[in-house]
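All chains, please: the whole structure from these sequences, using the hints.
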Amino acid sequence: MSAARKKKTNAEDYLRMYRQMVRIRAFEDRANQLYLSAKMPGLTHMYSGQEAVAVGICEALTATDRITSTHRGHGHCVAKGANFKEMFCELLGKEEGYCRGKGGSMHIADQSNGNLGANAIVGGSMGIATGAALSAKRLGTGDVAVCFFGDGATAQGLWYEVMNMAALWGLPVIYACENNGYSEYTKTDEIAAGSLTARAEAFGIEAHVVDGQDVLAVNDLTQKLVARARKGEGPFFIQLDTYRYHGHHVGDINREYYRSKDEEALWRSERDPIVNFGKWLVDQGISSSDDLDKVKSEVEADADAAVAYAEAAPYPDTREVDMHVYAPSAA
Amino acid sequence: MREITLSKAVNEAIAEEMRRDETIFLLGEDVAEAGTPFKVLSGLVEEFGTERVIDTPISEPGFTGIAVGAALTGSRPIVDLMFGDFLFLIMDQLCNQAAKAYYMSGGKLNVPMVLRTNLGATRRSAAQHSQSLHALVAHIPGLKVALPSSAYEAKGLMKTAIRDNNPVVIFEDKLMYQDKAPVPEEEYLIPFGEANVKREGKDITLIGTSSMVQVAEAAAEILAKEGIEAEVIDPRTIVPLDEETLLRSVKKTSRAIVIDEGHQSYGITGEIASRLNEKAFYHLDAPVVRMGAMDVPVPFSPALEDLTVPTVEKVTAMARRLVAGEMIHAA
Ligand SMILES: Cc1ncc(C[n+]2csc(CCOP(=O)(O)OP(=O)(O)O)c2C)c(N)n1
Ligand SMILES: [Mg+2]
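So the protein sequences, as listed, match chains A and B. Add 106 to a position in the first sequence, counting from 1, and you land on the number used in my numbering. Add 277 to a position in the second sequence, counting from 1, and you land on the number used in my numbering.
Calculated directly from the structure, the hints in this document are not laboratory data. The structure displayed is predicted, hence computed values, not measured ones. Treat each hint with caution, since some may be false.
[What the hints assert, rightly or not] Below, in silico cross-link-like pairs of lysine to any residue (SDA-like), each with a Cα-Cα straight-line distance of 25 Å or less:
1) A:K293 <-> B:E323
2) B:K316 <-> A:R365
3) B:K316 <-> A:A298
4) B:K316 <-> B:T327
5) A:K191 <-> A:K402
6) A:K293 <-> B:E310
7) B:K591 <-> A:E426
8) B:K316 <-> A:Y363
9) A:K402 <-> A:L142
10) B:K377 <-> B:T300
11) A:K293 <-> B:V322
12) B:K529 <-> B:F558
13) B:K316 <-> A:I297
14) A:K145 <-> B:Q455
15) B:K502 <-> B:N473
16) B:K285 <-> A:D358
17) B:K285 <-> A:N360
18) B:K285 <-> B:K475
19) A:K145 <-> B:F315
20) B:K385 <-> B:D298
[Said to hold, decoys possible] What follows is a list of derived Cβ distance ranges for each label pair:
21) B:R296 <-> A:E307: 43 to 49 Å
22) B:R476 <-> A:H430: 36 to 42 Å
23) B:N442 <-> A:G187: 53 to 59 Å
24) B:E503 <-> A:K367: 57 to 63 Å
25) B:E310 <-> A:Y421: 37 to 43 Å
26) B:R476 <-> A:I359: 36 to 42 Å
27) A:Q139 <-> B:A495: 32 to 38 Å
28) B:A594 <-> A:A144: 26 to 32 Å
29) A:T170 <-> B:K385: 56 to 62 Å
30) B:K591 <-> A:G310: 56 to 62 Å
Backbone N, C-alpha and C define an ideal beta-carbon position, used for all residues, glycine too.
Okay, here's the thing in structure tokens:
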């Protein structure tokens with residue numbers, strides 16, 4: 107864990123962060139299982155391994171701060187405050203899902219907690235996050251927007267257009283690039299020239315690199331940047347170095363042709379964000395391993411109950427198929 | 278005759294053409310080692326090397342534009358667009374640049390380029406990975422549009438597309454990659470603008486595109502048992518469109534249904550129906566009926582998604598009503 111920690115004073119915050127990371131892992135383990143047992147329609151992309159990014163960032167935000175998420179979006183959704191029940195219902199296409207089953211894994215959105223939605227278009231949310239920041243500025247809400255995207259998404263031209271405007275207009279947006287080293291089945295090194303931070307800096311945007319496996323490092327940095335963004339000092343860019351444990355999507359099982367098992371094992375055994383943070387909490391005397399185990403079993407029971415609930419829940423009525431195409435208007 | 282999958286047919290067509298013509302190269306996301314997420318291009322990089330099978334960053338407008346430039350200057354690029362839904366990202370390069378170069382230059386510049394992509398819903402991939410957007414490009418003069426309905430068509434149309442001196446967009450149905458069909462070992466090409474009469478009949482004409490040809494054939498099979506002889510026609514290319522074959526059939530049967538997986542409004546079904554109504558009006562016993570996908574974004578939930586596409590049951594029911602002389606859609 108990174109140095110310079112304030113001890114014990116923030117015990118409650120620390121434990122909440124731990125729990126949130128455990129919740130993401132538990133959610134993903136079950137989502138993966140649902141896929142493998144052919145109970146989940148379609149495909150999904152696992153967030154496991156990257157928990158410290160979503161949690162470190164979202165724990166620095168308020169409920170009205172906005173985020174935009176990605177195809178690998180369950181972690182962001184949980185971290186921003188979503189419930190398991192509505193999430194699993196959405197993954198199974200059930201009526202009680204966050205999007206009434208219309209969105210599914212790749213479009214899950216949780217309006218109630220400021221999550222403007224996952225996105226199946228890589229980079230597709232960069233404009234949306236920037237627009238949310240423009241809106242916050244115009245309306246004077248003091249909210250910030252965080253745009254999550256992957257390293258592969260930095261190849262999308264849209265990012266450069268919106269960074270330019272965000273910088274020109276001093277918008278309260280934080281571009282958070284989760285650098286997990288891969289775009290699908292390709293090492294991102296092979297398809298990204300130069301440095302990512304330099305790209306942001308070219309627009310005069312302050313850029314940071316942080317260890318995305320270290321939830322406290324992520325949280326410390328984000329808290330500072332969020333506070334400054336609220337004062338009009340944005341935008342900012344953060345590159346968070348991290349790793350995805352599973353394949354690109356749940357069906358990507360045989361992947362040694364692009365990523366070695368040794369590399370995967372190393373990240374899991376040495377760099378796991380939950381294990382390492384757990385150790386730190388115990389070392390610092392903030393928690394005991396028994397207490398952490400208890401958190402884990404509580405969360406897992408919760409997740410199991412939510413899965414069972416979602417499996418039994420009804421599909422939307424067929425009449426919903428052409429509802430929600432157009433929002434009702436006054437005129 | 279041997280039977281191969283649609284996926285293999287596309288692969289063979291591209292490999293054969295690349296062996297024949299050095300100026301052909303292929304580019305797109307994860308086309309090399311990964312052979313695309315659908316594994317359609319597996320083996321090509323091993324034979325042709327990374328100079329001719331090029332992995333790109335996730336920069337669709339960028340690599341499409343590069344292909345247009347290369348096509349204008351002596352190369353014959355094949356662009357791989359992973360999902361048809363990403364057409365929205367490349368519309369300028371395809372529709373403003375590629376489509377118009379020959380005309381705007383008074384015939385001096387041309388763009389011999391193939392864009393291969395896909396269409397098709399019911400894969401539980403939700404609204405941004407399930408669209409059938411061929412009408413969008415068919416609307417733009419200068420682009421040719423092919424819709425293979427089986428492995429046989431996929432191979433023959435791909436080879437013709439590669440040899441065409443214009444930009445050609447080929448849409449494969451992503452649910453058909455593993456479907457097998459008889460494909461000769463010997464070389465063959467399928468000319469553009471030649472519809473295929475799949476089944477002869479005298480009572481009603483069923484015009485289907487892409488996988489809707491299978492739907493039409495299955496419907497015809499059921500109708501035959503009831504004494505209704507349906508003629509099934511696959512236009513194979515919608516630009517150019519073989520009007521003659523369609524008109525000849527409709528003049529004989531005096532009734533027609535056009536079935537296509539694009540949205541029904543402002544789509545392919547409307548265009549074909551309108552041409553038949555205009556040019557065969559005095560031979561018709563009923564207005565030509567359109568059967569497209571519902572005018573809604575494709576929902577994720579299986580309970581809703583299956584309602585949005587034309588099915589064998591719906592086509593059969595409609596055909597029965599038409600043949601019985603019922604007034605369909607009469608205002
Ligand atoms: C515009 C667009 N192009 C391509 C894809 C297909 N695709 C989905 S995820 C992905 C890789 C994204 O890599 P990255 O941004 O690093 O995110 P990660 O999957 O690593 O979380 C690709 C190419 C897409 N969904 N959207
Ligand atoms: Mg990545």
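(message) Does the beta carbon distance between K591 of chain B and G310 of chain A stay inside 56 to 62 Å, or does it fall outside?
(response) 57 Å, holds
(request) Hint says 56 to 62 Å; check whether the CB-CB distance for T170 of chain A and K385 of chain B agrees. (result) 58 Å, holds
(request) Take the C-alpha atoms of K285 of chain B and N360 of chain A, compute the straight-line distance between them, and say whether it is at most 25 Å. (result) 21 Å, holds
(message) Need the status of pair K316 of chain B, A298 of chain A: alpha-carbon distance at most 25 Å?
(response) Distance of about 24 Å is within 25 Å: holds.
(request) Below or equal to 25 Å on CA atoms is what counts here, so check K316 of chain B against R365 of chain A. (result) 17 Å, holds
(message) Taking the Cβ atom of R296 of chain B and the Cβ atom of E307 of chain A, is their distance within the range 43 to 49 Å?
(response) 47 Å, holds
(message) So if I understand the rule, the pair passes when the alpha-carbon distance is 25 Å or less; does K529 of chain B with F558 of chain B pass?
(response) With a Cα-Cα distance of about 12 Å, the restraint between K529 of chain B and F558 of chain B holds, given a limit of 25 Å.
(message) Next pair to validate is K191 of chain A with K402 of chain A; report whether the Cα-Cα distance is within 25 Å.
(response) 18 Å, holds
(request) Check the following: the C-beta atoms of E310 of chain B and Y421 of chain A are separated by a distance inside 37 to 43 Å. (result) 39 Å, holds
(message) What's the verdict on K285 of chain B and D358 of chain A, does the C-alpha distance respect the 25 Å limit or exceed it?
(response) 21 Å, holds
(message) Check whether the Cα positions of K145 of chain A and Q455 of chain B lie no farther apart than 25 Å.
(response) 22 Å, holds
(request) Indicate whether the distance between the beta carbons of R476 of chain B and I359 of chain A respects the range 36 to 42 Å. (result) 41 Å, holds
The structure meets every hint from the earlier list without exception.
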